[in-house]
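Q: Residues per chain, in single letters:
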Amino acid sequence: MSERKLIDARGSFCPGPLMELIAALKLMQLGDEVEIYSTDQGTAKDVPEWCAKVGHEAIESGEKNDHWFVVVRKAK
Amino acid sequence: MATLPLYIVLSSADRDKMQLASMIASVAAVSERPVHVFVSMGAIKVFDKSKSGNDRYSDSAFNTELCDKNAPDPIEMFSQGKMLGDMTIWACSMVLDVLGWDESNLVDDLFDGQMGLTKYLSDAEEGQLMTL
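Residue numbers (the working numbering), protein chains in the order written: chain A, 1 to 76; chain B, 1001 to 1132.
If you're looking for bench data, these hints aren't it; they were derived computationally from the structure.
One or more hints might be untrue.
What the hints assert, rightly or not - Mimicking DSBU-like on lysine-lysine, the simulated pairs with C-alpha atoms at most 30 Å apart in a straight line are: (1) A:Lys53 <-> A:Lys76; (2) A:Lys5 <-> B:Lys1069; (3) A:Lys64 <-> A:Lys53; (4) A:Lys26 <-> B:Lys1069; (5) A:Lys5 <-> A:Lys26; (6) A:Lys64 <-> A:Lys45; (7) A:Lys26 <-> A:Lys53; (8) B:Lys1069 <-> B:Lys1051; (9) A:Lys45 <-> B:Lys1069; (10) B:Lys1069 <-> B:Lys1045; (11) B:Lys1069 <-> A:Lys64; (12) A:Lys64 <-> A:Lys26.
Please put together the full structure from these sequences, using the hints given.
A: This is how it looks when you write it as structure tokens:
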């Protein structure tokens, strides 16, 4: 059964949130999901762009209260 | 279409330039784009392992803000990019010669070795090159 991990990267500057996401994905199983929180507005666009380039799936993104979030499914 | 390798020549110890270089290098490397960094001229002093923290860098227009906000250190970002992506870092053999240094003077576990400019430029013909 797939799992969802949370990475709270609020307060981390670009490209810190992306790097934290990539480090986490390396340890996850195919189909697992990870949700990342970031106060860096660029993350909301950078992470889906990175996923499209390397072959993971950005399945949800948006803004919540004081931060942006992206949900990524490990697809390779 | 295959992604073109990115060749980044570092020539300055300026914190702004080093910060941007480490960001570009690490993001490209983790985006399945091979990155090859060539460290020359004053930039080599940033990687002097006897120095630490902000003492590594020359002052620059954005240095105070980067320090006040605890922006990630460029050395750490280069290390992270190497660990998570496809990146090599080469020390310019000419500047090591001028300084009387060898690789043991440089930050541990970061450099892939030393290289001459001719070989680096020859390799770079197959990619895109930027200098900071």
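Q: Hints broken by the structure, by number, lowest first?
A: No numbers; nothing is violated.
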